[in-house]
Each structure stands twice: as C-alpha cells, then as structure tokens.
Amino acid sequence: EAQVTQNPRYLITVTGKKLTVTCSQNMNHEYMSWYRQDPGLGLRQIYYSMNVEVTDKGDVPEGYKVSRKEKRNFPLILESPSPNQTSLYFCASRGSGTGNSPLHFGNGTRLTVT
Amino acid sequence: GNSVTQMEGPVTLSEEAFLTINCTYTATGYPSLFWYVQYPGEGLQLLLKATKADDKGSNKGFEATYRKETTSFHLEKGSVQVSDSAVYFCALSEHSGNTPLVFGKGTRLSVIA
Chain A
1 EAQVTQNPRY LITVTGKKLT VTCSQNMNHE YMSWYRQDPG LGLRQIYYSM
51 NVEVTDKGDV PEGYKVSRKE KRNFPLILES PSPNQTSLYF CASRGSGTGN
101 SPLHFGNGTR LTVT
Chain B
115 GNSVTQMEGP VTLSEEAFLT INCTYTATGY PSLFWYVQYP GEGLQLLLKA
165 TKADDKGSNK GFEATYRKET TSFHLEKGSV QVSDSAVYFC ALSEHSGNTP
215 LVFGKGTRLS VIA
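Chains A and B supply the protein sequences, listed in that same order. Residue 1 is where the first sequence starts when you use our numbering, and the numbers rise one by one after that. Residue 115 is where the second sequence starts when you use our numbering, and the numbers rise one by one after that.
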C-alpha cells in the first residue's frame, strides 16, 4: 500500500531534550516536506526537499533541522525543543514534475514540549 | 507571493443541507488548485483538484470550479452527511515542481443528524 509513515504518533518531551521524528514513504517520490499545524494558523511549511541531499527552508524553519540522505526518508530533528514547538506535525511527499501532483500525507505526530 | 483565503469556520449544518466553503487565491502565475480534507485523527488527503481555468474538480459528491476571473475555487456539495464532518483546506501550487503547496487556514465542518 502506498503510504507516508511517521513515527511516533504521540510524543511528550521536556525542553532541551533532542528528538527526531521519522518519516518514510514507499512511493519513490522525489519531493518531501514537513508541516506543522496549529489552531488558527493552518498548515505552515517547515522544510522541504526536492531530492536526495537537497533541502530548503519553508516558512517556519527556526529550531528545526532535516536531512535527506535517502530518497525514502526525511527525518525532522529538534536539537533543543522548546514549548512553542508543541504542535501537530505532518510529513508529506509527492512525485516530481509539475505542481499538479497532489501531496500524500502521513497521519501526523502530536508533539508536546513541557 | 501566493496566498489562499478561505472562509473561517466552524460551519455547522444539518444532514442533507447544501454546503459551500468559499476559497479565493492570489497567485503570480496560473496555479493548480486543490481541496484537501482532514478527518479526525488523520492526515490530509486530496479531495479534488483543478489544473486550469474553468476546470471542475469533483469527488465523493463534492465539486469546485476553477474561476480565473474571480480567482476563486469554492467547494460545494448538494447534500452533506454526518461522515463529511472534517476540516477542509483549500490550496494552490504553481505548475513548476519547485514551488511548495500553499494552504488556506482550514474550515471545520460539523454535520449533525
């Protein structure tokens, strides 16, 4: 089954403790992206990647890192999480080519930073 | 830059009522337009799309027409069901593959029996 898999689904951590949220897709997609969803703000893009070893900042990259060493994986790294990073995070992917291609989303990771 | 504005919710309707969720956009080029739906506890999934002016996207009884003259892509359904309760997002993407998807803030729909 074609899917985007994020782990974990829920994560509670403390300020300053490094964490990684994993994302994997099995559709051989070139493009992958991370979003955060917050009430009243909708979806905001954190980082995206057009292909292996190519990453770019989105609208809200501060406090986050990503890497794209393999095509299928695109982990999101919070080196020193803070409470304002408490949010619902989504990973998404799509095939290459034009912007006509729809995004495929994971089921989300709800992060709480205390 | 590109942007999407959609009506604020929440929207509460009775079953079998007519639904309209307004969406307007600003874009420098000629984007593709999308509606995504997010059911409780899940990620977003594509509901329908239109890639050029006057195209109509449709799926599961939902429709939206790409109106270039009014820069709009309003979502409609003739008779909603309780199972349609979800958050709906309008989005646009330039045709170039390098540009990210731009989302509206989402509209929560609740349908009551």
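Since the hints were made in silico from the structure, they are not lab data. Note that this is a predicted model, so its numbers are computed, not measured. Any given hint could turn out to be false.
Pairwise CB distance ranges, derived in the manner of DEER restraints [said to hold, decoys possible]: (1) B:K182 to A:V14: 44 to 54 Å; (2) A:E53 to B:N116: 25 to 35 Å; (3) B:K174 to A:L88: 36 to 46 Å.
Pulled from the structure, derived: some chain B residues nowhere near chain A, Cβ distances all over 12 Å [stated by the list, open to error]: (4) Q120; (5) E122; (6) E156; (7) G157; (8) T165; (9) K166; (10) E183; (11) T184; (12) Q195; (13) D198; (14) A205; (15) L223; (16) S224.
Rough simulated footprint, nothing fancy, chain B against chain A, three-plus residues with beta-carbon under 8 Å [to be verified]: (17) 38-47; (18) 106-114.
Even glycine gets a Cβ: it sits at the ideal position worked out from N, Cα and C.
Hints numbered earlier in the text: which of these fail when held up against the supplied structure? 3, 4, 5, 6, 7, 8, 9, 14
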